[in-house]
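Asker: If you read the sequences in order, they're chains A and B. For the first sequence, this note's numbering assigns the number 448 to the last residue and increments by one with no breaks. For the second sequence, this note's numbering assigns the number 791 to the last residue and increments by one with no breaks.
Because the hints were derived from the structure by calculation, they are not lab data. Please note: incorrect hints may appear among the correct ones.
Derived DSS-like pairs: lysine-lysine, alpha-carbon spacing no greater than 30 Å straight-line [as the list claims (entries may be wrong)]:
1. B:K776 with A:K436
2. B:K670 with A:K396
3. A:K261 with B:K772
4. A:K303 with B:K463
5. B:K515 with A:K396
6. A:K22 with B:K670
7. A:K261 with B:K776
8. A:K396 with B:K523
If you want the building blocks of each chain, they are given just below.
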Amino acid sequence: MMNFLLHNKGTFHHGIHPPEMKDDTKALSIRQFPFPPVLVLPLSQHIGAAAEPVVKEGQSVQRGQLIAKANGYMSVPLHAPVSGKVRKIDYVPTISGKKTMGIYLESFPSSGQEVIEGKCIDLYTSSPSQILAGIQQAGIVGLGGAAFPTHVKLAIPEGKSCKYLIINGVECEPYLTTDHRVMLEQYNDIFMGIRYLIKALDPEKVIIGIEANKEDAYDMLKRKKPLDMEVELALLPVKYPQGAEKMLVTAVTGHEVPSGKLPIEVGAVVINVATTAEIGRLLPHGRGIQERVITITGPGIAKKGNYLITIGTPLRFILEQVGAEGVQEVFMGGPMMGVSVSNLDMPITKGTSGIVAFRQEQTLADRPEFACIRCGACLDACPLSLNPSQLGVLAKNEAYDLMASDHHLMDCFECGSCSYVCPSNIPLVQYFRLAKTIVRKRQTKPTV
Amino acid sequence: MKELTLQIRTSPHLKTTLSTDTIMLHVILSLIPVVIFAVYAFGWSGLTLMVTTTLSCVLTEYILNGKDKGTKALKDWSAVLTGLLLALTLPPGFPLWMAFVGGMVAIALGKFVFGGLGQNLFNPALVGRAMLQAAFPVAITTWTNAMAPDRFSSFIASSLTLPFLEPIKADAISGATPLSAFKFDKITTDVQDLALGFTSGSLGETCAVLIALGGLYLAVRKMLNWRIPVGILGTVAVFTGLLYLIDPSKYPAPLAMLFSGGLMLGAVYMATDMVSSPLSSIGVWIYSFVIGLLVVLIRIWGGLPEGVMYAILFGNALAPVLDKTIPKRIYGMPSVKTKTAKA
Chain A
1 MMNFLLHNKG
11 TFHHGIHPPE
21 MKDDTKALSI
31 RQFPFPPVLV
41 LPLSQHIGAA
51 AEPVVKEGQS
61 VQRGQLIAKA
71 NGYMSVPLHA
81 PVSGKVRKID
91 YVPTISGKKT
101 MGIYLESFPS
111 SGQEVIEGKC
121 IDLYTSSPSQ
131 ILAGIQQAGI
141 VGLGGAAFPT
151 HVKLAIPEGK
161 SCKYLIINGV
171 ECEPYLTTDH
181 RVMLEQYNDI
191 FMGIRYLIKA
201 LDPEKVIIGI
211 EANKEDAYDM
221 LKRKKPLDME
231 VELALLPVKY
241 PQGAEKMLVT
251 AVTGHEVPSG
261 KLPIEVGAVV
271 INVATTAEIG
281 RLLPHGRGIQ
291 ERVITITGPG
301 IAKKGNYLIT
311 IGTPLRFILE
321 QVGAEGVQEV
331 FMGGPMMGVS
341 VSNLDMPITK
351 GTSGIVAFRQ
361 EQTLADRPEF
371 ACIRCGACLD
381 ACPLSLNPSQ
391 LGVLAKNEAY
401 DLMASDHHLM
411 DCFECGSCSY
421 VCPSNIPLVQ
431 YFRLAKTIVR
441 KRQTKPTV
Chain B
449 MKELTLQIRT
459 SPHLKTTLST
469 DTIMLHVILS
479 LIPVVIFAVY
489 AFGWSGLTLM
499 VTTTLSCVLT
509 EYILNGKDKG
519 TKALKDWSAV
529 LTGLLLALTL
539 PPGFPLWMAF
549 VGGMVAIALG
559 KFVFGGLGQN
569 LFNPALVGRA
579 MLQAAFPVAI
589 TTWTNAMAPD
599 RFSSFIASSL
609 TLPFLEPIKA
619 DAISGATPLS
629 AFKFDKITTD
639 VQDLALGFTS
649 GSLGETCAVL
659 IALGGLYLAV
669 RKMLNWRIPV
679 GILGTVAVFT
689 GLLYLIDPSK
699 YPAPLAMLFS
709 GGLMLGAVYM
719 ATDMVSSPLS
729 SIGVWIYSFV
739 IGLLVVLIRI
749 WGGLPEGVMY
759 AILFGNALAP
769 VLDKTIPKRI
779 YGMPSVKTKT
789 AKA
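Construct the complete structure from the given sequences, taking the supplied hints into account.
Answerer: Pasting the structure below:
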């Protein structure tokens with residue numbers, strides 16, 4: 001009876017086909033973005049404990065120098081993305097809306113900006129645990145958007161083993177071409193990263209999953225693949241949200257990740273392709289992550305492109321450089337799961353994969369909400385086969401606990417497919433996000 | 449750079465262009481050929497009947513929802529659609545005051561008491577018609593011939609019956625529908641006449657070809673679940689086909705069955721009402737099969753010549769049961785059994 005986990009290989013069930021909108025930037029090579037005069041570096045750019053500053057206000061730092069150290073295992077350090085002077089350590093605006101502690105770093109305009117070399121993590125002599133430690137020291141987190149510390153993800157729990165190492169080159173979010181360009185241009189780093197990951201995980205199989213709208217990247221990786229490396233490339237049909245971990249595991253292995261569990265439950269570890277490239281680029285030099293590739297696009301942007309941007313660059317500086325006349329809405333990440341920006345002083349962080357700007361015509365203003373007409377479109381969209389229609393009704397009646405206990409609310413990863421297809425413009429994902437937060441609060445703090 | 453004023457919205461920031469009001473509007477637009485044909489075949493009486501029920505539904509919706517919510521409730525076009533569909537299921541010479549009452553019942557009892565659009569168990573237009581059938585059994589089975597020569601010069605006499613009076617029955621009996629002609633007198637009607645609508649019958653049910661074309665348009669635009677008409681018509685065709693093979697003299701031919709009465713209109717426009725049909729694909733197939741089966745059962749062995757309305761209403765009642773009982777496998781869950789075992 002275990003064969004229920006084995007079906008539908010090649011893709012996953014349901015899902016949607018939003019317009020891809022990638023044509024504007026997919027052919028544009030990665031270009032270096034200028035340094036801003038002042039960088040804003042939140043100490044918490046990842047899931048877990050915030051880093052602890054090891055520099056003082058007024059101190060000069062060199063590019064690549066450690067400026068905040070990891071605070072425990074579930075944390076990563078922060079390195080100076082530019083040579084400059086620590087102006088102050090104070091509250092900084094972040095995308096969540098909360099102000100958190102961070103470092104304001106003034107860059108030296110005339111500095112040569114050489115990077116400090118660290119201690120090389122040698123691929124051949126290092127042990128798996130040394131590689132994981134090296135990944136933590138480099139401050140690497142999931143660059144696909146979640147910003148989960150990569151070394152934690154790579155630590156296989158007791159009693160489990162890694163069967164599949166899956167490199168995620170799906171990039172299913174519309175508009176974004178970050179991973180696409182990384183695959184086309186940074187293949188050497190990707191394969192070097194895979195070598196490190198193989199050493200750390202000892203997987204039975206390595207699979208790179210790429211959606212069919214990036215066939216050039218698939219061909220490139222196929223051509224450039226080192227002869228001694230056993231890597232399988234999977235060209236997957238285009239469908240959102242295939243880049244979600246669970247969906248990708250199902251698409252390439254045919255297994256379903258059990259509800260409430262991590263992919264390692266079915267022997268899979270999924271690492272984003274840009275994260276992999278970062279591992280391959282940083283570990284041989286013992287460096288920390290300082291910059292990342294970001295797609296800046298959308299109808300509101302004059303100079304669209306894929307840019308290598310220093311972490312901590314404020315959005316205002318970025319939009320000034322690329323031109324953003326008449327922009328009404330800016331969000332970080334893709335349009336399906338990205339978060340609206342309320343304050344242009346906030347910086348891009350390690351987890352920012354894209355900046356998309358909409359003019360008035362593209363925003364979802366003037367979309368009146370109608371009653372649910374039970375069309376069933378959301379049921380056919382939900383990649384987890386949940387019933388968003390019913391969950392929406394329950395949410396309206398504030399039956400949050402029932403949603404969690406009987407309707408699998410906590411499995412929802414907020415991909416937005418249901419809201420996307422709903423003809424009545426019911427803000428389903430918004431309901432679920434709220435419901436999940438409330439349920440989590442109730443679970444940690446039992447009602448008296 | 450000039451200071452930007454930014455809007456804040458939660459994800460997703462993209463949406464399909466299909467919205468509920470456009471779906472309803474397209475369903476109405478797809479009915480235009482049927483409406484034009486109805487006016488062509490039955491004249492001014494047909495037109496006033498449609499105007500009456502639509503007006504009645506719109507007014508009822510507006511008044512019941514109150515001043516503030518009324519305009520908003522009308523914006524989804526569903527009341528207009530209900531009114532139009534109700535008229536299409538009534539005899540062309542149906543007394544207008546009765547039709548007006550039917551429209552009120554359709555919205556008030558068919559939709560509003562359940563909590564408005566989306567909450568209703570049954571198709572509102574059919575609820576209205578069922579009430580009319582129960583209240584005015586004679587008027588609703590009084591037919592007039594299509595293409596009457598005086599259809600654009602005078603009203604069908606019964607149309608203008610004064611409220612609470614019995615309709616005048618002078619010329620009406622002449623137009624027995626093809627279904628009752630076969631059922632009671634074993635008179636068969638030419639299939640071509642049935643398909644093209646040169647027969648008597650309800651206002652909008654006669655021209656099967658135009659109805660099917662409207663449905664095809666909606667299905668292509670993904671505004672209609674094609675499984676429902678295919679399931680219903682398929683079931684009827686197969687079932688009557690088998691009977692016809694057994695005894696062609698006793699049972700009607702499958703094609704005549706498909707093109708006569710309210711089957712086409714019901715299968716394409718009534719049973720497909722999203723609100724009152726099941727959500728899952730398996731549920732939809734069962735629902736369509738049951739409706740198709742009931743149509744044949746009532747038409748051939750029941751006391752009435754036509755059974756589409758009751759078949760669909762029964763299907764509507766079945767829909768929530770199907771939604772509840774059909775097991776649904778959720779990603780990453782072993783089986784649905786565990787949930788019921790726990791409860």
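Asker: Each of the hints needs a verdict: does it hold here or not?
Answerer: Hint by hint, here is what the structure shows:
1. About 22 Å separates the Cα atoms of K776 of chain B and K436 of chain A, which keeps this hinted pair within 30 Å; it holds.
2. At most 30 Å may separate the alpha-carbon atoms for a hinted pair to count; K670 of chain B and K396 of chain A meet this at roughly 28 Å.
3. With a C-alpha separation of about 27 Å, the suggested pairing of K261 of chain A with K772 of chain B holds against the 30 Å cut-off.
4. Under the criterion of a C-alpha separation no larger than 30 Å, the hint pairing K303 of chain A with K463 of chain B is consistent with the structure, at around 25 Å.
5. Restraint check for K515 of chain B and K396 of chain A: the C-alpha separation of about 24 Å stays at or below 30 Å, so the hint holds.
6. Of the supplied pair hints, the one linking K22 of chain A and K670 of chain B holds, its CA atoms being roughly 25 Å apart against a limit of 30 Å.
7. For a cut-off of 30 Å, the pair hint linking K261 of chain A to K776 of chain B stands: about 20 Å separates their Cα positions.
8. Between K396 of chain A and K523 of chain B, the direct Cα distance comes to roughly 22 Å. Compliance with the 30 Å bound is thereby established for this hinted pair.
Checked against the numbered hints given earlier, the structure satisfies every one of them.
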